[in-house]
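Could you build the full structure based on these sequences and the hints that come with them?
Below are the chains, spelled out letter by letter.
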Amino acid sequence: MLPDPVTRRNVLKSLSMGAAVGSVLRAIPLEAAAYAHSLIQAEKADAKAGGYVPKYFTGHLYRTLQSLCETIIPADADSGGAIEAGAPEFIDLLTSENPEYQLKLGGGLVWLDSMCTDRYGRVYLDCTPQQRKEILDLIAYRKNAATDESLSQGVAFFSMLRNMTSDGFFTSKIGIQYLGYIGNSYLLEFPGCPPVPGV
Amino acid sequence: MPNLNPSRKVYDVCIIGSGAGGGTAAKVLTEGGLNVVMLEAGPRLNPDKDFKEHVWPYELAHRGVGVAGGGRFQFNDEFLAPNGFWEIEGEPYTTAPGSNFRWFRSRIEGGRTNHWGRISLRFGPADFRARSTDGMGDDWPITYGELSPYYDKVESYIGVFGTRENVPNSPDGVFLPPPKPRCTETIIKKACDSLHITCIPSRLAILTQPLNGRPACHYCAQCGRGCISAANFSSSQVMIPPAQATGRFTMIANAMAREIVMGKSGKAEAVSYIDKATRSEQRIYAKAFVIAASACESARLLLNSRSPAFPDGLANSSGVVGRYLTDSVGSSLAGHFPQLEGMPAHNHDGVGGMHMYMPWWRFGQKNEFLRGYHIEFGGGRGMPGVGGFDGVCAEHEGYGTSLKQKCHSSYGTHIGFSGRGEMIPNEKSYCEIDPNVVDKWGIPVLRFHWQWGENEIKMAQDMQETFRSIIEAAGGTVTGGRRRGATSNSISEGGEIIHELGTVRMGNDPKTSVLNRNCQAHDVRNVFVADAAPFVTNPDKNPTLTIMALSWRTSEYLLEQAKKGEL
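Sequence lines, in order, name chains A and B. Everything in the first sequence is counted per our numbering, starting at 1 for the first residue and increasing by one. Everything in the second sequence is counted per our numbering, starting at 1 for the first residue and increasing by one.
One thing to keep in mind: the hints can contain errors.
Which chain A residues face chain B? A few, computed with CB under 7 angstroms, are given here [claimed, not checked]:
| hint | residue |
| --- | --- |
| 1 | 72 |
| 2 | 122 |
| 3 | 126 |
| 4 | 160 |
| 5 | 162 |
| 6 | 179 |
| 7 | 181 |
| 8 | 186 |
| 9 | 194 |
I should point out that these hints are in silico values taken from the structure, not numbers from a laboratory. Values in this document were obtained by computation on a predicted structure and should not be read as measured data. Quick reminder that beta carbons are idealized off the backbone N, C-alpha and C, glycines included.
As structure tokens, this is what we get:
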């Protein structure tokens, strides 16, 4: 039998009552909770005010970024994908603040459009699904750059985008749920390892 | 004109630094009746604003890595409690040609205790008698038996969980019950049993039962973020509040100590410091001084306190201030454990640190090297974070559902191992004042010299072999540590483990040590040092618990002196 996880409110209440009178500890938990909540609410309010406004990538490039993110971590029967997880927002925000990301990701997206224009006569978003798969299959693997040097910038770009898309997805609410992480909670006792054969 | 404190308020004691050593001294001295002023180079800690406990990554726009992703893999991500930095703007340090040394410094109330791993290991009897045991280094001027009652006091007050095990030279303490092992720890414990490697509950300063007005841990694994309920130990939340409650404690924040000023009677009379807010020089007068600024900062302060009586730095007639600098030997390796792939989803958080560890299990045996190391390990189904899937992405490559599923099946299946071993002091590792560089407060900075010895290289190599054998015995495969391959590179950089110490060492001989057996300067009787600078050896046990025990002992001695009117 696992101990009951207790609610945040109850824990904070018990903490504040149990701590020594006159100690700074007495005031901390409730104020901290209030602060954490205000922080979160401020961010949510920002997000709701008319949706996310991209800070670095322009309309066409932002849509390309969204498309690539969703291709890297797609929605499937088990969960939503990278767009629902907010990965493009996360990547755009960090890129807007980081000149190195601007070169690698900003430059990388333009590289991809140029490559598609050379090969198929149109930018990535206007390509057919088959063409998109063809170009992505080239830049999604290091071994292709080893045989064709002209792909090496694309491979480096895609590798970075793959990492950051994974970051954005697996740190989102749906991504964390998909992984099955259980925790960040208040337990009265740690239950230890559940009975599992072989462990 | 500097404000040289015309009112000349004279405190009983001025403590420099608010970390493990300074905080302990503040509690003991104020509770003993003395009026204490403390200088802290950073701001006051404000847990309700500064701590991010229980915040999910998706509740922050930067998902925890901060503006421009600068906190990725850093000690300074958005979640962590204010702790310190590898580089501080305007406060450089230098390294001599050919020396690699990194210096982690804290500028916040509580110092590095806000973020440390809470690993609380007593030094053993042999650690105090290094030279007598194997002929290398030096003996401490005190024995384990003399420090043991202070370990008892510290553990009883701060709360440390653990178990009585009778491991040779890894003494048991006053323990709270340990938490149950996680699945990762169960697997590794079995492998260690088969290899005859001792694997026992760890010893961490985290409460598993309420103690001294603090509640028990609620097992969110986020100690590093700072604990709003103070169920874990930090100086800022556990040592400073009782000092403040006495009404005899004053803290001056954002005060960067520059120099200890000598008076006419052969005693120190003031600390000269820079008030960071106004960039002006101020002075605080006191009858005694406890320097606890962290080992290298304490050495720097003494070296920068030059006077006609002490042209090479205060209390440095021996010339050994800055010498005998050591850090722990570090090495790490990680493994993938396929049996964890099928694990049902369950709460794996626990306390913010390991529940099991391996103390040095070959004490007294004939080994390839002198002294020993302990092993820390961790991994499993923790809260996902930025960077957590870089390895899977690099290995699997591609994109789409198969990548997503690979991340899912790999989640929580890795366990990392880190060794922490003893370095023997050598004459090539030390710090000194760089004659050419000052920081933005006008204070001359430190220059580091560093070289690992043969013994340390062999030890790191042994760690690698041990980690590999544990991983394989547990059914895992080695996935790599840092700098795998070249054995000489499997050792950490100097300073990297953040156990730098020994720079103002204690001893019975004033020619070869700075402090006497009470951590009081041989040369200046009202100057004490209470961080890890006085340590004569740096055994594999993390230094913080011993800093506190030693500071407690030093403070009681200081109280006695005050009662006798010696101040």
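Hint check results:
At about 4 angstroms, the closest approach between the beta carbon of residue 72 of chain A and any beta carbon in chain B falls short of 7 angstroms, and the interface hint on this residue holds. Interface hint status for residue 122 of chain A: violated, as the beta-carbon distance to the closest one in chain B is roughly 21 angstroms, over 7 angstroms. A hinted interface residue such as residue 126 of chain A counts as satisfied when its beta carbon comes closer than 7 angstroms to some beta carbon of chain B; here the least separation is about 20 angstroms, so the hint is violated. Hint on residue 160 of chain A is violated. Least Cβ distance to chain B is approximately 10 angstroms, over the 7 angstroms limit.
Annotation: interface hint on residue 162 of chain A holds; nearest CB of chain B at approximately 5 angstroms, less than 7 angstroms. With 7 angstroms as the threshold, the beta carbon of residue 179 of chain A comes within range of chain B, its nearest partner Cβ sitting at about 5 angstroms, so the hint holds. This hint holds: residue 181 of chain A has a C-beta 6 angstroms from the nearest C-beta of chain B, less than the 7 angstroms allowed. Interface restraint check: residue 186 of chain A against chain B, minimum CB-CB distance 4 angstroms, threshold 7 angstroms, status holds.
Interface hint status for residue 194 of chain A: upheld, as the beta-carbon distance to the closest one in chain B is roughly 5 angstroms, under 7 angstroms.
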